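Residue numbers for the sequence shown follow the numbering used here, beginning at 1063 and rising by one.
Simulated from the structure, these hints should not be mistaken for laboratory data.
Check each hint, because a few of them may be wrong.
Cross-link-like lysine-lysine pairs, in silico, DSBU-like; alpha carbons within 30 Å at most [unchecked claim]: (1) Lys1150 <-> Lys1128; (2) Lys1185 <-> Lys1128; (3) Lys1128 <-> Lys1224; (4) Lys1185 <-> Lys1214; (5) Lys1150 <-> Lys1224; (6) Lys1222 <-> Lys1128; (7) Lys1212 <-> Lys1224; (8) Lys1183 <-> Lys1214; (9) Lys1150 <-> Lys1183; (10) Lys1224 <-> Lys1199; (11) Lys1092 <-> Lys1218; (12) Lys1128 <-> Lys1183; (13) Lys1214 <-> Lys1224; (14) Lys1199 <-> Lys1214; (15) Lys1128 <-> Lys1212; (16) Lys1222 <-> Lys1199; (17) Lys1199 <-> Lys1185; (18) Lys1222 <-> Lys1150; (19) Lys1183 <-> Lys1199; (20) Lys1212 <-> Lys1222; (21) Lys1224 <-> Lys1185.
A quick note: this is a predicted structure, and the numbers were derived from the prediction, not measured.
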Amino acid sequence: MNILTDMLPSFVCINGTNYPINTDFRVWIKVTQAFVNRCSDGGQIGQLFFELFNSVPNEPVEDIMKALFEFYNPPSKMAAGNKNEAKKRQFDYDYDDELIYAGFLQQYNIDLTATNLHWWKFKALMNNLGESTQFAKVVGYRAMDLSEIKDKEQRKWYAKMKRLYRLPDNRTEEEKERDFCDAIAGVF
1063 MNILTDMLPS FVCINGTNYP INTDFRVWIK VTQAFVNRCS DGGQIGQLFF
1113 ELFNSVPNEP VEDIMKALFE FYNPPSKMAA GNKNEAKKRQ FDYDYDDELI
1163 YAGFLQQYNI DLTATNLHWW KFKALMNNLG ESTQFAKVVG YRAMDLSEIK
1213 DKEQRKWYAK MKRLYRLPDN RTEEEKERDF CDAIAGVF
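Model the full assembly from the supplied sequences, consistent with the hints where possible.
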């Protein structure tokens, strides 16, 4: 699928049947946040399905989820990504909402509160917000590998920026404990 030459999809294909889908970026941000926050609330998931489809397809849930994931991240685009990318989250749609809004307004003159954008268009623009936006600067601080900075003062400054702009830790206490134990086990 080429965003420049092909019509952007307005449906997902599940078991050979095309189902119309809501392509608005706002809905897909909600989907993203539900997955990031590991939503297990059946009511919230049901509400998201209602927002995505006019009526939920009578298909196995696994097949619906697979089709939604492929729409969210087309396989051709996933394969093209950098395999060495850090797996750690660098931004959050809820926490960074103002930075994202301001970045779109600054760079593209797009008021996200007053426009409709297909999810794929939104992602293309989002992925290319320039270094002059505060959003890109903050993401850069979060992604900075301090071990690569040789100058002590510069490393100290970037460490301060990483702390200042770090994302909140949304893990449960059990997840924090498990991650701590895994980190300790990795040392030995």
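Each hint, compared with the structure:
no.	hint	verdict
1	Lys1150 <-> Lys1128	holds (23 Å)
2	Lys1185 <-> Lys1128	holds (19 Å)
3	Lys1128 <-> Lys1224	violated (35 Å)
4	Lys1185 <-> Lys1214	violated (36 Å)
5	Lys1150 <-> Lys1224	holds (13 Å)
6	Lys1222 <-> Lys1128	violated (40 Å)
7	Lys1212 <-> Lys1224	holds (17 Å)
8	Lys1183 <-> Lys1214	violated (41 Å)
9	Lys1150 <-> Lys1183	holds (24 Å)
10	Lys1224 <-> Lys1199	holds (11 Å)
11	Lys1092 <-> Lys1218	violated (36 Å)
12	Lys1128 <-> Lys1183	holds (21 Å)
13	Lys1214 <-> Lys1224	holds (15 Å)
14	Lys1199 <-> Lys1214	holds (20 Å)
15	Lys1128 <-> Lys1212	violated (44 Å)
16	Lys1222 <-> Lys1199	holds (14 Å)
17	Lys1199 <-> Lys1185	holds (18 Å)
18	Lys1222 <-> Lys1150	holds (18 Å)
19	Lys1183 <-> Lys1199	holds (22 Å)
20	Lys1212 <-> Lys1222	holds (16 Å)
21	Lys1224 <-> Lys1185	holds (24 Å)
When held up to the earlier numbered hints, the structure conflicts with 3, 4, 6, 8, 11, 15 and fits the remainder.
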